[in-house]
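Number of protein chains: 2
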Amino acid sequence: MLKRYLLTPGPTPVPEAVLLAGAEEVIHHRSQEYSELFLEVTEGLKYVFQTKNDVLIFGASGTGGMEAAVANLVSPGDAVLVASNGNFGERWQQLCEMYGAEVTTLEYEWGERVPPEDLRKALGERDDYVAVFVTHAETSTGAVNDLEAIGAIVRGHPALLVVDTVSGLGAVELRTDEWGIDVAVSGSQKALMSPPGLAFVSVSEAAWERAGKATSPVFYLSFEHTKKALENPRPQMPWTPPVGVVQSLALALEHIREEGLEKLFKRHRILGRATREAAKALGLELFAGDYPEASAVTSISVPQGLDGKKLNALLKDKYGVQLAGGQGKLAGKIVRVGHLGYFGPFDIIIAVSALEMALNELGQAVPLGKGVAAAQRVFLEEDAW
Amino acid sequence: MLKRYLLTPGPTPVPEAVLLAGAEEVIHHRSQEYSELFLEVTEGLKYVFQTKNDVLIFGASGTGGMEAAVANLVSPGDAVLVASNGNFGERWQQLCEMYGAEVTTLEYEWGERVPPEDLRKALGERDDYVAVFVTHAETSTGAVNDLEAIGAIVRGHPALLVVDTVSGLGAVELRTDEWGIDVAVSGSQKALMSPPGLAFVSVSEAAWERAGKATSPVFYLSFEHTKKALENPRPQMPWTPPVGVVQSLALALEHIREEGLEKLFKRHRILGRATREAAKALGLELFAGDYPEASAVTSISVPQGLDGKKLNALLKDKYGVQLAGGQGKLAGKIVRVGHLGYFGPFDIIIAVSALEMALNELGQAVPLGKGVAAAQRVFLEEDAW
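Chains as they are written, first to last, in the working numbering: chain A, 175 to 559; chain B, 175 to 559.
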C-alpha cells in the first residue's frame, strides 16, 4: 500500500491522461493519421524550442540526441571546444573524442556555472573550432549555464553552438533562435512530461551546412535521413518510431501550449526557489548555488557524516519518495530534487517533508516543518497557483 | 497544469492499477469467468467484514445498500429503534419511516457519539423492536460509534442490529460476527478504494429469518433474489452488475488482503491521529472529538468569521486540493479531511499544508508548517511506514 512519488529529474511524473494516450491503439507509422500527429508534435516542439529551425525527432534517448548532434556535425580531426561543468558536459567531451575530434575542454567543478567570458577567451585563441558544446541545465547538479551570454559570444565566431538542453527545455527559458543556438538537443522524459523514448534536435541553417560536409558514419541518427522523411508528402520518421510515446507527447505538448511559455517558466522558477528556500531553512547546503534560473533540479548536499545513498534508500524504499542521488564522483554526497515538468507545489512539499523526516530518522535533527514552511511562504508570496 | 488531489471521504483515491483493472475487456456477467471473479470478491468482502455470514453484493450506492436492509427487513407497522448522530443516522430514520415502520429515534448532536447505555435503556422500555439501526463511522462528521459495546447490548434483545458501515468498513475495525452485527452495509467507493457502483450487505441467520417474514415491496434490491443467484451453479448477481467495478474491486481486495487487517487498521489510526494533531497544533477545533477510533474522516471546525465554503472553494479551485465541506446544517461550518482507503502520510501532509496556506490566504494567520510538523511527529513516532 506504499504510495510512490517519483520526484527525480528524469524520468519525471507523467500526467495520467498523457500515459493513457500512449496506450491507445497503435497507429501505423506510415499512415496519414500518424503523419498528422507527427506534424503536430513537430510544431509543438518548435514552440517550446522557440525556433523556426527544423526540429528533428529521433526514436532515442537524450544521449542518442547528443550523439546525433556530434555524429552529424563533427568529422575526424575537427577542432571542437567543450565547456564542461558536470556529468553531461563530460558526455559531450566523450562523444566528440569518440568521433575523432580534436577536443579542447574547459573544465569546471561540478555544480559551478561556465563563465561565458572563458569561452570568449578560448574562441579568441584559435579560429578553427567547428563547434562549441555546452550544457544548458546540468542534470547532475542542477547548475544552469547562461546560454544567452554564451550565445552572444559564440555568434561572433564561425563555430556552431551546440547545446544539451535535455533537462532544460520546458523548465528553463531557452530562446533557440534569439540566442543564436545552432543545435539544441532534448528528450521526451523531462520537462515535456512524457514517457522516455524520443530525442529532439533543432538544426539551424549553419548546422545544416556543416552536416552536409561531415564525414562521420551515421545512419539511424542521421540528420539527412530524418529530414528527408520529414519532407515526404506524408511527413514521418525514417525508421519505426515509438508511436505510443509520440501519441503521449502530442497531448503533453497541447497541455504546455495551453499553459503558455511564460506561465510554464514562472511555475518552474517558483518550484526551484521554494526548494532552495526549504533547504536553506533546514540549514542544508545548496550544492549548485542559489539563482532564479536553477529551475529544473535542486541539488542539496548531504550533511557531513551521513551517507546520501542510505538517505535516498530510506526515502525510496520506506517512504515511497524517490529523489535522485549524486552521479559519478558525487555519489552519496548530494540528493537531487527534480522539479521539471509535471510538478506542482505539493510535490515540493512532499519532497521537503520527506527529507525532514528521513534526516531525523537518520539522526540529523533538522526542525520538522521548517523547510515546509519556507516553501509554503514562497508559494504564497509568489502566488504559485 | 493544476495537479488535483482528491482527499474526500468518498469517493476516495483509487490506485491506478485498480482503475485500469476496471478498464479491461468486459466479462459477460453470466459466464464462468465472471462467476469466479464474483466469488473471489465475495470471499474478499467476508474477510474485511470479518464474517461467516452471507455478504450480498448489489449494483447500487451505499444508500442503495441501506435501502436494501430496510426494505428486506422492515414491514409496515414494525417498531424500530434508530440511533442518529449525523446525516446518515437521519437517513436510517428516513428510510424506516418511508417503509412504514413505527420509528423511535434517539437523536444526538452531530459530531457526538451514541452513548451505548441509551440503547440499553430504550430496549429495556419495549421488547417489540424488530431492529436497531445505527451508524458506524458517520461520514458527515467523522464520529465513530462504539459498535462493540452497542452489539453487546443489542445481543440480549430480540431486535436485529443493523449497521451502516459505508465509511467504516476497512478503515475502522468492524467485527461483524464477534460483535453480533446482524446486517452491515457498505460500498465500494470508500475504504475499499474502488470506484463507486457496488453496495455490500452482510446478512446473519437471524436477519434471514426476519427477511423471510417481511412484506415490503423489494425487487432489484431483494435479499432473496440476490441469494438465489449466489446459489446458482455459477454464482452471480441476479441483475446486470457494473462488471468493471467488480473487476477493480477484486484487485483492491487483493491489496487489502496483502496488507492484512491489522496493518490496515493501524495505518488508518495513524492517519487519523496525525490529522487531529495537525489541527490542534494550528489551534483549530476538532468538530467530532479526539479518540483513536476516529480513523476514517476528520472534521475540523472552520474558524469564526470564515465561510467554510469559501475555504473549500479556494482549496479545490486554486490549489487543486479537494476536501469535503459540511453537509446539511453543517454546511460552511466544517471541513472534512478523508483518510480512508488509498491514503498515505503524504496525503495528510498535502491536506494540512494546503489548509495552512489557504487559511493564511483568507486572513487567518495560522503558523505555516506547524500543523505539518505535528503530523510528521506522529508519523515518526508511530513508525507510519
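These are calculated hints, taken from the structure and not from any lab test. Small disclaimer: the values here were computed from a predicted structure and weren't measured. Please note that a few of the clues may not be correct.
The list treats identical chains as interchangeable, and a pair is accepted whether it falls inside one copy or across any two copies.
[Stated by the list, open to error] With a straight-line cut-off of 25 Å between C-alpha atoms, the simulated BS3-like cross-links for lysine-lysine are:
1) K544 to K177
2) K483 to K437
3) K492 to K437
4) K402 to K177
5) K492 to K440
6) K402 to K544
7) K490 to K177
8) K177 to K437
9) K402 to K483
10) K402 to K507
11) K295 to K387
12) K440 to K402
13) K544 to K454
14) K503 to K544
15) K401 to K484
16) K484 to K177
17) K177 to K440
18) K544 to K492
19) K226 to K503
20) K490 to K437
21) K490 to K440
22) K437 to K503
23) K226 to K483
24) K544 to K401
25) K402 to K454
Please list, smallest to largest, the hint numbers that this structure does not respect.
2, 4, 6, 9, 10, 11, 12, 14, 15, 19, 22, 23, 24, 25
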